[in-house]
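**Student:** The numbers in the working numbering rise by one with no breaks, and the one at position 537 of the first sequence is 537.
A hint or two may mislead.
Said to hold, decoys possible - Just the calculated beta-carbon pair ranges, DEER-fashion:
hint	residue 1	residue 2	range
1	Gly288	Asp472	52 to 58 Å
2	Gly102	Ala470	18 to 24 Å
3	Asp482	Asp381	31 to 37 Å
4	Glu249	Ser94	15 to 21 Å
5	Met334	Glu524	20 to 26 Å
As the list claims (entries may be wrong) - Here are the simulated lysine to aspartate or glutamate pairs, EDC-like style, with alpha carbons at most 20 Å apart:
hint	residue 1	residue 2
6	Lys278	Glu87
7	Lys90	Glu120
8	Lys280	Asp294
9	Lys460	Glu404
10	Lys543	Glu249
11	Lys278	Glu430
12	Lys358	Glu430
13	Lys546	Glu507
Calculated from the structure, these hints are not laboratory results. Predicted model, so just to flag it, every value in this text is computed and none were measured. For glycine and all other residues, C-beta sits at the position ideal for the given N, C-alpha and C.
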Amino acid sequence: MSDTPSSESAAKQKPAHFIQNIIKRDLDEGKVTSIVTRFPPEPNGYLHIGHAKSICLNFGLAKDFGGQCNLRFDDTNPEKESDEYVESIKRDVSWLGFQWQGDIRFTSDYFDTLYSWALELIRVGKAYVCDLTPEQAREYRGTLTEPGRNSPTRDRSVEENLTLFEKMRAGEFDEGRCSLRAKIDMASPNINMRDPVIYRIKKVRHHHTGDKWCVYPSYDFAHGQSDAIEGVTHSICTLEFEDHRPLYEWFIANLSVPATPKQYEFARLNLNYTVTSKRKLRQLVDDGHVDGWDDPRMPTISGMRRRGFTPASLRNFCERIGVTRADSVVDVGMLEYCVRDDLDKNAPRAMCVLRPLKVTLTNYPEDRREEFVAPGHPNRDDLGERRLSFGPSLYIDREDFREEANKKYKRLVIGKRVRLRNAYVIEADECIKDDGGQIIEVKARVIDNTIGQDPEDGIKPKGVIHWVSAHDHLACDVRLYDRLFTEESPGSGGKDFLESINPDSLEVLTGCMAEPSLANAAAEFAYQFEREGYFCLDEKYSKSGKPVFNRTIGLRDSWAKIAD
RNA sequence: UGGGGCGUAGCCAAGCGGUAAGGCAGCGGGUUUUGAUCCCGUCAUGCGAAGGUUCGAAUCCUUCCGCCCCAGCCA
1 MSDTPSSESA AKQKPAHFIQ NIIKRDLDEG KVTSIVTRFP PEPNGYLHIG HAKSICLNFG
61 LAKDFGGQCN LRFDDTNPEK ESDEYVESIK RDVSWLGFQW QGDIRFTSDY FDTLYSWALE
121 LIRVGKAYVC DLTPEQAREY RGTLTEPGRN SPTRDRSVEE NLTLFEKMRA GEFDEGRCSL
181 RAKIDMASPN INMRDPVIYR IKKVRHHHTG DKWCVYPSYD FAHGQSDAIE GVTHSICTLE
241 FEDHRPLYEW FIANLSVPAT PKQYEFARLN LNYTVTSKRK LRQLVDDGHV DGWDDPRMPT
301 ISGMRRRGFT PASLRNFCER IGVTRADSVV DVGMLEYCVR DDLDKNAPRA MCVLRPLKVT
361 LTNYPEDRRE EFVAPGHPNR DDLGERRLSF GPSLYIDRED FREEANKKYK RLVIGKRVRL
421 RNAYVIEADE CIKDDGGQII EVKARVIDNT IGQDPEDGIK PKGVIHWVSA HDHLACDVRL
481 YDRLFTEESP GSGGKDFLES INPDSLEVLT GCMAEPSLAN AAAEFAYQFE REGYFCLDEK
541 YSKSGKPVFN RTIGLRDSWA KIAD
């Protein structure tokens, strides 16, 4: 019996955003009978959190409205593109949980059609071969406040243009020698309409078409027409393309395209303490500030995957931040919340001591061993249970012991008691220091009959700490990550963004000790190390028998505020 | 200083003439063998500003202010 009335769930539903409203209206009015969207990355780098927003939007819309979403590589500039990027993008989209409709598309698959459309434009006198060099073209274009001037070759005959363009295609001209331009309006207040270049010469091998072409269509000439070829109904891009929309529409109106897609723009994602420009991410990689595109500190999809972020958490994040036309900077804390939210619900629990401190139980027989059973998750029986072996010698975290402390400190203190998670309550008697005054061991006593119950004398411990036994644990390393930048907006105020790199964004802990069950950890599988945070195996640095764990994200820590 | 956009809490974001949803963060409290989770409460007499229209304005009008994008043969 379902007791969730649809009205109640409807009341809790997130309100539709402006693009969903546009689609609803188009469907209602019969402008389209079903929708087609597309995610169109250029394969010139790795995908990042900003792309995740676009992916979730485009694939999400198709799902919500029963339409389809294509994956199309917008590969019109062979100089920057490669198969390595194509492969990583395919992997990232799939990993995020989306499946594109049909085969993967490449804009380069449409080069023949695009070329014929260029000829079509020439034949109706709406495109011409321009002999201006790139530098001259810039001068002729005018400025933001001054109109441009017509190219000296703007009025060539159709025949001459056809001949010249064919020669361009045949490789008879050097790069930059000439270009094909749309004949629109050199005085337009919109600079994109001042006779934009639609074909340029690039004698570069293309990752997908090889050496077939030496002229390549520009983004503006390729994008809308490719949308039309695929039957895309709603072509969604970011705000900076807004000024290109009149041009997008001009091509659709002036060419014999099979459909009339419409372009809509939304605000790209910005996150504080993060950079999301391809140029900057590339620089972090190339200059060696990080371990590669998939460094766990990177906001790339591959970096976040290695870090231990889950597809569901990223999708949830994209859902929560909304889709609008207002420039905004989302607090990275929102992302962290989504990651914790998903991991808390799904990650099995385990104990791992990050900074070991030896504890000897003086009243526990030296040769005695016990086994305790602990739940895999405090409120999910389906996650099973694990076995913990207990003995007279243990390790706890250095942070969890103090010789003396005030009442706010709820961990182990001399003369006080603490609960060992899933095991006994113990009481500390003394600690031993080395010559440098460093505490190297704690002597403590087990309080009898405290498994699953409070001490019989009524003196209850205030806190609970995690532990591993000395005789049975797994040695491991742990890599702790902090935000990559120390400033909310790296590189703002004319500074170089590299100046605000956080020198402490990576802390490698060696000699950590985990409970034995962690020996079976697999990459991309999250655990909660109780009281520490969420962790997953790092595939790159782990070796058999010596795992390395990445801290995906720490637990929320209200003690940190009290401790200050 | 041309053109195109955008301004609702610390952050994100609903709202579309009927008297400011929700989430994150924060703060206070409760439960707890994780200082976690969970639960409860609290958080905009005001929507960039000033005028105007109206019984009534975040929503309509006017003016002003601020921020973002555009002068690649990049996307």
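**Student:** Now tell me, hint by hint, if it's right for this structure.
**Tutor:** Hint by hint, here is what the structure shows:
1. For the hinted restraint 52 to 58 Å between glycine 288 and aspartate 472, the CB-CB distance of approximately 40 Å leaves it violated.
2. Under the hint 18 to 24 Å, the C-beta atoms of glycine 102 and alanine 470, about 59 Å apart, miss the expected range.
3. Checking the proposed 31 to 37 Å range against aspartate 482 and aspartate 381 shows it holds: the Cβ atoms sit about 35 Å from each other.
4. As the Cβ distance of glutamate 249 to serine 94 is approximately 33 Å, the hint placing it in 15 to 21 Å is violated.
5. For methionine 334 and glutamate 524, the Cβ-Cβ distance of about 23 Å falls inside the hinted range of 20 to 26 Å, so the restraint holds.
6. Between the alpha carbons of lysine 278 and glutamate 87 the distance comes to roughly 17 Å, so the proposed pair stays at or under 20 Å and holds.
7. Between lysine 90 and glutamate 120 the alpha-carbon distance is near 34 Å, which puts this suggested pair outside the 20 Å criterion.
8. Simply put, lysine 280 and aspartate 294 have alpha-carbon atoms about 14 Å apart, close enough for the 20 Å limit, and the pair holds.
9. Between lysine 460 and glutamate 404 the CA atoms are separated by roughly 18 Å; this keeps the pair inside 20 Å, and the hint holds.
10. Distance check on the hinted pair: lysine 543 and glutamate 249 sit about 56 Å apart at the alpha-carbon level, beyond 20 Å; violated.
11. For the hint linking lysine 278 to glutamate 430, the alpha-carbon distance of about 56 Å lies beyond 20 Å, and the restraint is violated.
12. The hinted pair formed by lysine 358 and glutamate 430 meets the criterion: a straight-line CA distance of about 12 Å does not exceed 20 Å.
13. Restraint check for lysine 546 and glutamate 507: the C-alpha separation of about 18 Å stays at or below 20 Å, so the hint holds.
Violated hints for the displayed structure, listed by number in ascending order: 1, 2, 4, 7, 10 and 11.
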